[in-house]
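Engineer: Please construct the entire structure, taking both the sequences and the accompanying hints into account.
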Amino acid sequence: MDMPPPRPERLAQKSELVARLGKVLGPSGVIHAEAELRAYECDALSAYRCPPMVAVLPARTEEVAAVLRICHQMGVPVVPRGAGTSLAGGALPTADCVILGVARMNAVLETDYANRVIRVQTGRTNLSVTGAVEADGFFYAPDPSSQLACAIAGNIAMNSGGAHCLKYGVTTNNLLGVTMVLMDGSVVEIGGAHMDAGGLDLLGVICGSEGQLGVVTEATLRILPKPEGARPVLMGFDSNEVAGACVSDIIKAGILPVAIEFMDRPCIRACEDFAHAGYPDCEALLIVEVEGSEAEIDDQLARIKAIAERHDPLELREARDADEAGRIWLGRKSAFGAMGQINDYMCLDGTIPVNELPLVLRRISEMSRDYGLEVANVFHAGDGNMHPLILYNANKPGDLELCERLGADILKLCVEVGGCLTGEHGVGIEKRDLMWDQYGAADLEAQMAVKDVFDPAWLLNPAKVFPLDASEGRRGQLAAE
Amino acid sequence: MRPETEAELAEMIAAAKGPLRIRGGGTREVGRPVEGAALETGGLSGISLYEPGALTMVAGAGTPLAEIEAALAAEGQRLAFEPGDWRGLLGTEGQSTIGGVVAANASGPRRVTIGACRDFMLGVRFVDGAGHVVKNGGRVMKNVTGYDLVKLMSGAWGTLGVLSEVSFKVLPQPEATGVLLCEGLSDAAAIAALSRALGSPWEVSGAAHLHRGVDGAPVTMIRVEGLENAVAYRCDRLQALLADVGTFTVERDPERTAAGWRHIRDVVPFQGRDGEVWRLSVTPSEAPGIVAQLEGVEAVYDWGGGLVWLLAPEGTDVRRVLRSGHATLFRASAVRRAAEPVFAPQPSPLAALEAGLRAKFDPRQILNPGLMG
Chain W
121 MDMPPPRPER LAQKSELVAR LGKVLGPSGV IHAEAELRAY ECDALSAYRC
171 PPMVAVLPAR TEEVAAVLRI CHQMGVPVVP RGAGTSLAGG ALPTADCVIL
221 GVARMNAVLE TDYANRVIRV QTGRTNLSVT GAVEADGFFY APDPSSQLAC
271 AIAGNIAMNS GGAHCLKYGV TTNNLLGVTM VLMDGSVVEI GGAHMDAGGL
321 DLLGVICGSE GQLGVVTEAT LRILPKPEGA RPVLMGFDSN EVAGACVSDI
371 IKAGILPVAI EFMDRPCIRA CEDFAHAGYP DCEALLIVEV EGSEAEIDDQ
421 LARIKAIAER HDPLELREAR DADEAGRIWL GRKSAFGAMG QINDYMCLDG
471 TIPVNELPLV LRRISEMSRD YGLEVANVFH AGDGNMHPLI LYNANKPGDL
521 ELCERLGADI LKLCVEVGGC LTGEHGVGIE KRDLMWDQYG AADLEAQMAV
571 KDVFDPAWLL NPAKVFPLDA SEGRRGQLAA E
Chain V
56 MRPETEAELA EMIAAAKGPL RIRGGGTREV GRPVEGAALE TGGLSGISLY
106 EPGALTMVAG AGTPLAEIEA ALAAEGQRLA FEPGDWRGLL GTEGQSTIGG
156 VVAANASGPR RVTIGACRDF MLGVRFVDGA GHVVKNGGRV MKNVTGYDLV
206 KLMSGAWGTL GVLSEVSFKV LPQPEATGVL LCEGLSDAAA IAALSRALGS
256 PWEVSGAAHL HRGVDGAPVT MIRVEGLENA VAYRCDRLQA LLADVGTFTV
306 ERDPERTAAG WRHIRDVVPF QGRDGEVWRL SVTPSEAPGI VAQLEGVEAV
356 YDWGGGLVWL LAPEGTDVRR VLRSGHATLF RASAVRRAAE PVFAPQPSPL
406 AALEAGLRAK FDPRQILNPG LMG
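As you go down the protein sequences, you meet chains W and V in turn.
When the letters of the first sequence are read in order and numbered with my numbering, they come out as residues 121 to 601.
When the letters of the second sequence are read in order and numbered with my numbering, they come out as residues 56 to 428.
I should point out that these hints are in silico values taken from the structure, not numbers from a laboratory.
The beta-carbon is built from N, C-alpha and C at its ideal position, and this holds for glycine as well.
Every clue listed holds true.
Just a few of them, taken from the derived set where beta-carbon distance is under 7 Å, the chain W residues facing chain V:
no.	residue
1	234
2	235
3	315
4	316
5	329
6	348
7	372
8	473
9	474
10	475
11	540
12	542
13	558
14	567
15	569
16	573
Below, simulated EDC-like cross-link-like pairs (lysine to aspartate or glutamate); rule was C-alpha separation at most 16 Å, straight line:
no.	chain 1	residue 1	chain 2	residue 2
17	W	372	V	230
18	V	190	W	557
19	W	516	W	494
Structural biologist: So this is what it looks like as C-alpha cells:
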C-alpha cells in the first residue's frame, strides 16, 4: 500500500502554518509537537501509520472554515477525522497534511420530535445521538458496531451502515441536511427538516464521499420512534451453505426481520469465549431479530422458526428475556473485539447478492486453505454485507502481505458474483487500488469529476478512494501550479 | 431518436449536434419546456435480472413501469416507494418507464417512513452528455464503493446523463393493510395528529390530509401495513392514541385502502381542474401555516405534512411564504413554466456546485438543457 510521498515545499511551511492556525484556533486547538501528533497517526486500520504535519481541533463551523481557508491558500492537504474508527484507513494522514478532527464539535443543536429530526454537530458519537432522544422514545437508526465511539462526521463520510439497516437503511437514508465547509472555506447549507433537499441530490453524493468533497460540521438526522419491543432468535446449523439458504428463504417468504446476522465457527468460538452469550458449538449461527408488539413478535418468529425447521437446525432458541437478548447481541457486537484478542486480523466488508452466500462462503474457505490463513466470517446476511476477518500474525514477516493478497482475492470474488468491494466501511486506502476491479476508466472519471467540482485543487483527503494512478494527474496538477 | 441498445444511445448522444429532449414514457412532463430533438428510451427495455430472494431487480431504463410492477406482483413483491401515476394530474398520456420514475425521483406516500425512490436505487448505468457510458453502484443492498452517483442521477431529470439501466431494491407486499380515517379536522389539528401517529411505535406507512375528500369534507388518513394481526392491533392503538383528536374509523378492505392511497399518490383531487399545481417540500409542522397564508388554494398534504400539493390560482407566488424547504411549480402552462423557475432557485454556493456538475457531466449542455432551471 503506497501513499504519495510528502512534498518538501509543504513541510517547509510548517511553522508559518502553525502560526496562522494558532491565530484562529488558539494554542489548544493546534497540535504540532511530534509526540502529540502520534495520537493521529492512524485510525482503526492500524497496520498503516504516519503522523500528520499538524492536527487541529476546531470547535465551530466558522473555525473549520478558517482552517480550510488557510490550508487552501497554502496548498496544504487536509484529512478530516471523525473519531478515528475507520477500518479502511479513511483518516490515515500523510506527513505533509493537516488532520482536522471534529471531536470538539459534539453538541446537540436541536431536537424536534414533531418533525422527527435532530440537528447535531458532527463530532457527536453515533450512540450519543440516540442517547439524546431515547428517554423520549426515539432513536437514531444506523448502528455500526463502533457506535459507542464513532462520530456522525465519519458516519456521513463513509455512509455507515450497521446491523439493523435491513429495515432502517444506512446513513444516507437517514440524513436530511448538512452544513458543510468546502475546501476554499465557503459554507454551504443543504436540506433541513424537510424530506427532500431541492435541486440535484447533492446530499446523496456528499454522503459516502469519504471526506473528499467537504467537511460536514452539522447534520440534520431522522430519528425514529422506538419499537415496542424486539426479540432475537438464535439458530445453529451444521454448514454455512444451509444457513445461507435459510436466510434466502426467510427473505423470499415475505418476512422482513430488522436484522439477520451470520457467524461461522471460528467467530462463534471467539465470541463465546469473550461474551458468554450461550452460543451453540456449530458451523454457522444466525441471529434473526424482529420487532413490534409481543404478539407481533411471536407471530413473526413462529413463521421464521417454521422456515428454519425445514433446514434441520442444530439449535433454535428464542431469547427468553431482555437479559438473554442482550447477551445474544453482545456476542455479535463484540465479535471484532473478541477476534482481536486472539489474533491480528484484517476485516473486509465486500457485499454480495444474498443468493450467492453459499457459493461465496465455500470459495472463501477454499481460498483460506490455499493461503494457509484462517478466515472467520461474521456479517449482515440479510443484505449480503460480508465481514470476512482474515487472521494473521503481524510479527511474522510476510504475513500482512499474504493477508492483503487473500483479502484482495476475496473482494475480487465479491465483485465477480455481482457484488462490490465495500458495503459500509468505505474504500479509504484499503480498497483504493482495487477500484479498477469494480469500475472502468469512465466510471472513475465521472466520480473524480465530482471531486473536481467540490475541491478543484484536490486538497481534501486526496490520496484515498481512487487508485493513485487514476488520480495522479489531478493531484499532480497541484504541484505544477 | 430511439436507441435499441446502450451503445446506440452513446453513439447518438456523442453525435448530437444540438439539445436533446430526453423522453421515457412522456408521462412526467415537469420543468421548463425543453426545445430539442426527442431522444426516447423506450427501446432500452426489459427486465434483465430479478432475484426475489435477494429483493433485487435490474431493468432497462425504458422498461414500462407496468411491466415491472406485474413481474413483482407475481412474486408477492412491490416497489415500496410507490411511484405516482401523474398522467391524470399533468394531462399526459403514454406508459411510464422505470427510468422516468428514477429521473423524477418519483416517490409516493410511503416516502414518509420507508424512503424515497432514490433510497431504493442500488445502481445505474447512464450515458453522459459527452457520450461516455458510466456505471455506478451495483445490485447489492449496501454499497459504499466510491461516490454515490446513483443518488445524484435520481431526481436529476435526465440533465446529467441519460439512464440506460437501473437496479433497485424491492420489498415484499404486506399481508394486510389498515387505514384510519377521520373527517372534518382543521389542517393544524390534522398535521398534529399525523405527527403523533408518525411518532408512535405503530409503524405508520402513510400519513395524509386532504382539504376535500371524495364527499367534499376534509379527510385525514393514516395507513399501517404488515401481518394481519399486527395491523389490527396497531389500528386499535392508533385509534386510542388519537381519540382526543376525533373519531377515526378503520377501513380494512384491500381494494378500498389501495384506492384511497392511489388517490393521494396520484393527486387525484386536482386532476382535470383549472389552476396551477405546486409541490412543496417543507418541514411538516410548518405546512398548515404556509397554506393558511395563501388565498384561494386547496391542499393535499402527504408525508405527514412534509409534502404539500397545492392547487392555486394562476400566478400565485407560493415561494413568498416559505420559511424553509422549497416549492416546485409542478403543473402550469408552458408559457408560465418558461417564465417562472419551475424548480426553486438554489442559493449561490449550491447553484455554483450544481452548475459545476452540469458542466462536467454534460459539457455541451445538450441533455434536457434548462429543464431544472
